[in-house]
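Counted from 1, the sequence shown has number 39 at position 39 by UniProt numbering; the numbering is strictly sequential.
Quick caveat, the hints were computed from the structure, so don't treat them as lab data. For each residue, glycine too, the CB sits at the ideal point set by N, CA and C. It cannot be assumed that every hint is accurate.
[Said to hold, decoys possible] Pair by pair, the computed Cβ-Cβ distance ranges are: (1) 198 x 14: 27 to 37 Å; (2) 133 x 203: 14 to 24 Å; (3) 71 x 203: 37 to 47 Å.
[To be verified] Derived BS3-like pairs (lysine-lysine); straight-line CA-CA distance at most 30 Å: (4) 221 x 16; (5) 234 x 36; (6) 36 x 221; (7) 247 x 233; (8) 44 x 109; (9) 21 x 230; (10) 169 x 221; (11) 109 x 6; (12) 234 x 247; (13) 247 x 6; (14) 158 x 138; (15) 169 x 234; (16) 234 x 16; (17) 234 x 21; (18) 21 x 109; (19) 158 x 221; (20) 169 x 109; (21) 81 x 44; (22) 247 x 36; (23) 169 x 158; (24) 109 x 230; (25) 221 x 234; (26) 138 x 169; (27) 169 x 16; (28) 233 x 169; (29) 16 x 6; (30) 169 x 21; (31) 6 x 81; (32) 36 x 230.
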Amino acid sequence: MWITGKVVERIDWNSKLFSLKIDAELAPFIAGQFIKLSEIHDGKRVARAYSLVNPPQSRYLEVLAVEVEEGQLSPVLQSLKVGDDIEVSATAAGFMVLNEIPSDELQGKHLWFLATGTAVGPFISMMETDEPWQRFEKVVLVYGVRAVEDLAYLEQLKSLQTKYPDQFKLILSVTRETYAGAISSRIPQAIVSGELEQLAGIEFSSQDSQVMICGNPDMVKDAQQYLFDKGLKKNLRRAPGNITVEKYW
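All chains should be modelled from the sequences, with the hints used to inform the complete structure.
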């Protein structure tokens with residue numbers, strides 16, 4: 001089922017990367033879930049999934065997207081202006097959510113978010129709720145991009161550091177240029193080298209860690225394997241573990 005949403009704000013982070021705030025009557029959702037946006041093209045509906053950046057309590061929906069020149073939908077989204085309409089799925093979906101990870105003695109003390117590019121969106125949604133801060137002693141976001149201009153929501157993330165100074169650690173990875181305070185390693189290599197653990201001040205462990213990974217499929221695959229090598233296990237409903245993943249395209 002589709003509903004009509006209206007763009008109420010847009011943010012252009014760079015020439016390709018942008019956010020849209022949309023006014024639409026979406027059914028209640030869980031932080032970390034995604035919606036679909038769509039348009040009718042040549043008589044057929046073209047739909048794509050976009051994770052919600054906003055927490056459930058927000059007035060407006062918000063998505064972070066990047067224009068893909070050969071894409072069927074993203075150039076349309078890139079062209080949207082305030083006041084334009086866009087079709088939105090009536091309900092959100094997805095299992096990259098905190099209530100899918102263990103909440104008993106298997107939970108552990110530390111929550112790691114590993115994200116590349118626009119996949120930081122669902123983690124921002126989660127961190128703008130109370131749940132991660134109430135459940136975990138430490139929350140670490142590792143946010144990887146190629147260039148500094150790709151760092152969306154940086155001020156919002158810094159404000160979370162100010163709000164939760166003893167709980168939250170933000171680690172930025174910028175791989176194609178130098179940025180003060182950021183590492184230059186790709187996320188999987190920073191796992192192997194121990195760089196992430198050193199910067200976070202905590203270790204990846206099967207006893208204490210929950211790790212949620214979202215982004216580039218190669219990053220997801222490699223990071224997951226290196227965490228397996230450290231003794232962590234994939235989190236499944238039938239067999240709770242430590243690693244929850246979502247490929248972002």
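Does residue 6 sit within 30 Å of residue 247, going by the straight-line distance between their CA atoms?
holds (28 Å)
Could one say that the CB atoms of residue 133 and residue 203 fall in the range 14 to 24 Å?
21 Å Cβ-Cβ, so the 14 to 24 Å window holds.
Is residue 169 within 30 Å of residue 221, Cα to Cα?
OK: residue 169 and residue 221 at ~23 Å, within 30 Å.
Residue 81 and residue 44: Cα distance at most 30 Å?
It holds: about 23 Å lies between the C-alpha atoms, which stays within 30 Å.
Pair hint residue 233 and residue 169, alpha-carbon separation not exceeding 30 Å
holds (23 Å)
Has the hinted range 27 to 37 Å been met by the Cβ atoms of residue 198 and residue 14?
Because 30 Å falls inside the window, the suggested range holds.
Can you confirm whether the C-alpha distance between residue 221 and residue 234 stays at or below 30 Å?
holds (12 Å)
Can the restraint linking residue 169 and residue 21 be considered satisfied, given a maximum Cα separation of 30 Å?
Between residue 169 and residue 21 the Cα gap is close to 27 Å, so the pair holds against 30 Å.
Hint check: residue 36 vs residue 230, CA-CA at most 30 Å. Holds or violated?
Outside the cut-off at roughly 36 Å; violated.
Proposed proximity, residue 16 with residue 169 (alpha carbon, max 30 Å)
OK: residue 169 and residue 16 at ~28 Å, within 30 Å.
Does residue 81 sit within 30 Å of residue 6, going by the straight-line distance between their CA atoms?
Roughly 10 Å between the alpha carbons, so the hint for residue 6 and residue 81 holds.
Can the restraint linking residue 158 and residue 221 be considered satisfied, given a maximum Cα separation of 30 Å?
holds (28 Å)
Hint violations for this structure: numbers 8, 9, 11, 16, 17, 18 and 32, all remaining hints satisfied.
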